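Chains A and B, in that order, are what the protein sequence lines are. According to my numbering, the first sequence is numbered sequentially starting from 1. According to my numbering, the second sequence is numbered sequentially starting from 1.
No wet-lab data here; the hints were simulated from the structure. One thing to keep in mind: the hints can contain errors.
[Unchecked claim] Straight-line distance between alpha carbons at most 27 Å, and here's what the computed BS3-like set of lysine-lysine pairs gives:
id, chain 1, residue 1, chain 2, residue 2
1, B, Lys61, A, Lys203
2, A, Lys203, B, Lys28
3, A, Lys209, B, Lys28
4, A, Lys7, A, Lys437
None of the values given here were measured: they were computed from a predicted structure.
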Amino acid sequence: MDMNEIKAIFFQECEEQLAELETGLLAINDGDDDPETVNAVFRAVHSIKGGAGAFALDDLVSFAHVFETTLDCVRSKQLEPTRDVVKVLLKSADVLADLTNAARDGGSVEKSRCEALVADLEALANGQVPVSDDAVADEPAPEAESKAEPADDDESDFKPVPVQFDDLQESDAEFEPVPFSFDEFGTDQAPAGNRFKIAFKPKPDLYLKGNETLLLLRELDQLGTLEVDCDWSELPALDALDPEGAYLTWNATLTTAEDEDAVRSVFEFAEWDCELEITADEDAAPTAGEAEPVEDGAPETDEGASPPEPAETAAADDAEDAAAAPVETLELPNVIELQQAANANKQDAAENTAAPKTQARASATGAGSTIRVELGRIDRLINLVGELVINQAMLAQSVTESATAGSSAVTMGLEDLQQLTREIQDSVMAIRAQPVKPIFQRMSRTVREAAEMVGKNVRLVTEGEGTEVDKTVIDKLSEPLTHMIRNAVDHGLETPEDRQAAGKPAEGIVKLSAKHRSGRIVLEIADDGAGIDRERVRQKAVDRGLISAEATLSDEEIDNLIFQPGFSTAEQLSDISGRGVGMDVVKRSIQALGGRVSITSTPGKGSVFTMSLPLTLAVLDGMVVSVADQTLVVPLTSIIETLKPENEHIHGFGASGQLISIRDSFKPLVDVGQILNFSNAPTDPLAGVALLVDSEDGGQSALLVDAIQGQRQVVIKSLEANYANVPGIAAATILGDGQVALIVDVEAVVSASRNGALKSEMSLAAVG
Amino acid sequence: MSVESQTGTGQLQLAENLDLTAVTPLHKSLLSSRGSALVIDASAVERIGGQSVQLLLSASKSWADDGVPFEIVNASNNFLSALALLGVGPDSLHVKEQTQ
Chain A
1 MDMNEIKAIF FQECEEQLAE LETGLLAIND GDDDPETVNA VFRAVHSIKG GAGAFALDDL
61 VSFAHVFETT LDCVRSKQLE PTRDVVKVLL KSADVLADLT NAARDGGSVE KSRCEALVAD
121 LEALANGQVP VSDDAVADEP APEAESKAEP ADDDESDFKP VPVQFDDLQE SDAEFEPVPF
181 SFDEFGTDQA PAGNRFKIAF KPKPDLYLKG NETLLLLREL DQLGTLEVDC DWSELPALDA
241 LDPEGAYLTW NATLTTAEDE DAVRSVFEFA EWDCELEITA DEDAAPTAGE AEPVEDGAPE
301 TDEGASPPEP AETAAADDAE DAAAAPVETL ELPNVIELQQ AANANKQDAA ENTAAPKTQA
361 RASATGAGST IRVELGRIDR LINLVGELVI NQAMLAQSVT ESATAGSSAV TMGLEDLQQL
421 TREIQDSVMA IRAQPVKPIF QRMSRTVREA AEMVGKNVRL VTEGEGTEVD KTVIDKLSEP
481 LTHMIRNAVD HGLETPEDRQ AAGKPAEGIV KLSAKHRSGR IVLEIADDGA GIDRERVRQK
541 AVDRGLISAE ATLSDEEIDN LIFQPGFSTA EQLSDISGRG VGMDVVKRSI QALGGRVSIT
601 STPGKGSVFT MSLPLTLAVL DGMVVSVADQ TLVVPLTSII ETLKPENEHI HGFGASGQLI
661 SIRDSFKPLV DVGQILNFSN APTDPLAGVA LLVDSEDGGQ SALLVDAIQG QRQVVIKSLE
721 ANYANVPGIA AATILGDGQV ALIVDVEAVV SASRNGALKS EMSLAAVG
Chain B
1 MSVESQTGTG QLQLAENLDL TAVTPLHKSL LSSRGSALVI DASAVERIGG QSVQLLLSAS
61 KSWADDGVPF EIVNASNNFL SALALLGVGP DSLHVKEQTQ
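Put together the whole structure using the sequences plus the hints.
In structure tokens, the structure reads:
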């Protein structure tokens with residue numbers, strides 16, 4: 001593995017750490033006082049710092065160092081994590097993320113921004129709790145420098161609370177940990193941090209090679225508070241003793257702020273010449289798999305005293321915890337192979353040290369083993385499975401057409417194959433499915449920054465972060481979501497003064513939620529602002545010629561005007577949402593994902609934007625229909641019902657339009673064949689089938705087709721990528737008979753039926 | 001335990017440097033003192049390694065098994081701090097408290 005690969009892995013790991021950091025800080029902000037949360041936050045920054053140090057990313061290291069110092073104060077309960085404090089910490093997390101990105105992609109982060117935050121952080125570490133933002137920002141702590149080192153010059157009132165947590169193994173051997181010492185706190189106070197049980201039994205070779213137990217223990221002692229117990233039960237009497245032998249076992253308990261790697265690194269050169277066992281005390285229940293005994297060469301004693309069994313002792317000590325938090329006892333190679341990928345920058349260290357570490361982490365998070373795979377490989381697999389599905393359909397078709405159709409063995413085999421193919425496809429799609437959490441996390445930053453820019457007080461509440469959706473959808477969600485969140489902060493919420501005047505709390509709430517609903521993911525962005533000012537929206541629409549002054553519009557229609565191109569109601573163009581990008585662009589990008597977006601608004605109570613998106617862009621359930629001798633696929637998600645039109649339900653409308661009455665309400669009847677120019681002659685409604693579909697504006701239309709062939713899952717093949725953009729067609733697929741079938745862009749077709757022609761830009765709308 | 005007034009008490013002066021090279025000679029010295037009360041002077045000790053402490057522990061244990069007094073006196077600070085780091089209580093080695 002070359003340096004660049006390691007570096008790439010480091011940055012991947014950084015992303016995870018940053019996400020962890022933000023999650024933790026937000027949890028603290030919401031009142032989470034679990035010491036483990038603070039520890040997780042601290043670890044995240046510490047790991048980034050450690051890794052950055054290894055790559056000489058000095059800006060990152062120095063900022064992380066100051067950040068870490070302040071977090072250490074929070075961890076040691078010197079600093080109360082009040083809202084104001086967390087605000088500074090969150091901002092620091094943002095800067096840390098920017099610095100990480102700058103280190104990865106080049107570029108830089110505004111120096112003044114870093115400096116201001118460094119001053120804020122140092123002030124916090126120095127005990128200057130901010131009264132307000134400005135107070136901190138404007139008055140950097142005069143004694144800031146004195147606190148630059150993490151807590152090693154503060155003996156006065158520091159009351160460290162020993163907190164045991166088991167998985168402080170974030171930084172690893174590859175990335176040199178940056179140790180700091182708690183030695184000067186005074187010996188009677190244990191430093192906050194980890195507790196490790198270390199069982200150490202040297203072999204004679206250890207001494208022969210110039211290593212010395214005393215020096216090893218001294219090094220350990222320098223990591224924190226060390227309690228050592230020497231077990232000399234195996235020691236023979238003087239005449240039976242080989243003076244150059246090794247008979248003693250040391251059992252030590254180390255309380256340290258360092259992680260297990262740091263502890264292990266003490267034994268780096270002695271590891272092969274001793275029996276060594278390091279176990280995280282407390283929660284991380286040690287298991288047999290964690291022990292790394294070096295079996296051979298241990299001298300037998302003449303007296304035959306039973307050898308100490310540190311592993312069992314430790315296990316017994318932690319039996320209670322073990323019951324509470326069972327640890328997977330995976331085979332060592334498996335752990336390395338699987339967990340290594342998840343915690344990718346541990347790879348080189350894995351051989352010697354990763355096993356206990358990764359197990360401990362797995363036990364702490366309760367997470368199963370994960371593997372990190374390049375997206376390209378999964379895409380390839382998905383494409384292949386797509387081909388398999390098509391192939392299987394083609395095979396089924398040819399069997400049906402061939403003479404073997406009657407053979408039950410062939411038919412059964414084919415059914416099994418079909419079942420299997422479907423399962424494989426589902427499993428492969430599940431690989432791509434990811435929770436929306438990372439993107440939600442990014443939004444919290446968007447909210448913070450937007451709120452700051454417009455001087456509002458906003459809290460983001462998220463719900464359903466675990467909702468899973470295809471990776472391609474996630475990747476494309478970020479932009480529209482960011483825009484809508486900014487919009488909610490900028491336009492949706494009122495200023496704190498206005499809110500208070502309206503009897504609301506000064507702090508506005510933007511709620512972002514995700515959930516699955518009938519095979520789609522539904523995202524909602526709700527604000528508790530003033531709601532849409534319909535008068536103003538209407539006026540603006542009239543001013544811009546979007547609607548006529550006399551038009552009668554329902555509330556819903558007025559609300560949906562904001563999705564019209566070029567519509568912006570902000571009196572002043574603001575920095576954040578007045579960039580010439582309107583909600584129409586948001587709507588279009590959602591449509592391009594096969595999604596729909598709508599808005600509901602209640603005056604005085606706020607607005608809710610609802611986005612509904614397909615869970616994947618790779619397959620869709622479609623209804624296969626015939627239109628003018630062509631086979632088309634209509635996405636099932638847009639079809640509400642199908643019906644056979646009857647004469648009395650068809651009504652003429654205008655010159656050539658037709659309406660169909662369905663349960664006493666009239667819907668436009670859209671002749672798909674004509675719209676798509678498959679035929680010039682109008683389709684006879686009575687001979688065809690009507691598909692009732694939803695359209696974007698909340699209305700419904702009936703698509704008229706010749707016949708329904710069936711319903712099946714189809715693999716989406718992009719037309720843009722393989723041919724060109726075709727108005728009214730979202731994509732294509734290959735059917736079982738090998739024929740290409742086009743997937744109808746329902747929205748574009750419905751819209752074309754109103755406007756008389758397909759517009760090319762509408763074809764962005766898609767397949768959901 | 002005190003051996004000051006007893007007769008036949010062996011005296012042993014520990015060397016300044018009790019590293020790997022010193023353990024075998026020390027082992028021999030101790031073996032030769034076996035059977036009689038022993039007072040070991042640790043005032044000169046600057047450096048002491050795990051194996052030497054191991055040897056002294058074995059000696060202490062053997063003397064105790066024999067029921068013969070064994071004592072370490074005038075322990076230097078380095079000697080005491082090494083014992084502390086190695087988790088060996090002064091009692092285990094019958095280290096007599098510093099009087100000077």
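Results of checking the hints against the structure:
Of the supplied pair hints, the one linking Lys61 of chain B and Lys203 of chain A holds, its CA atoms being roughly 21 Å apart against a limit of 27 Å. Between Lys203 of chain A and Lys28 of chain B the CA atoms are separated by roughly 22 Å; this keeps the pair inside 27 Å, and the hint holds. With a C-alpha separation of about 23 Å, the suggested pairing of Lys209 of chain A with Lys28 of chain B holds against the 27 Å cut-off. For the given pair, Lys7 of chain A sits about 25 Å from Lys437 of chain A by alpha-carbon distance, which is consistent with the 27 Å threshold.
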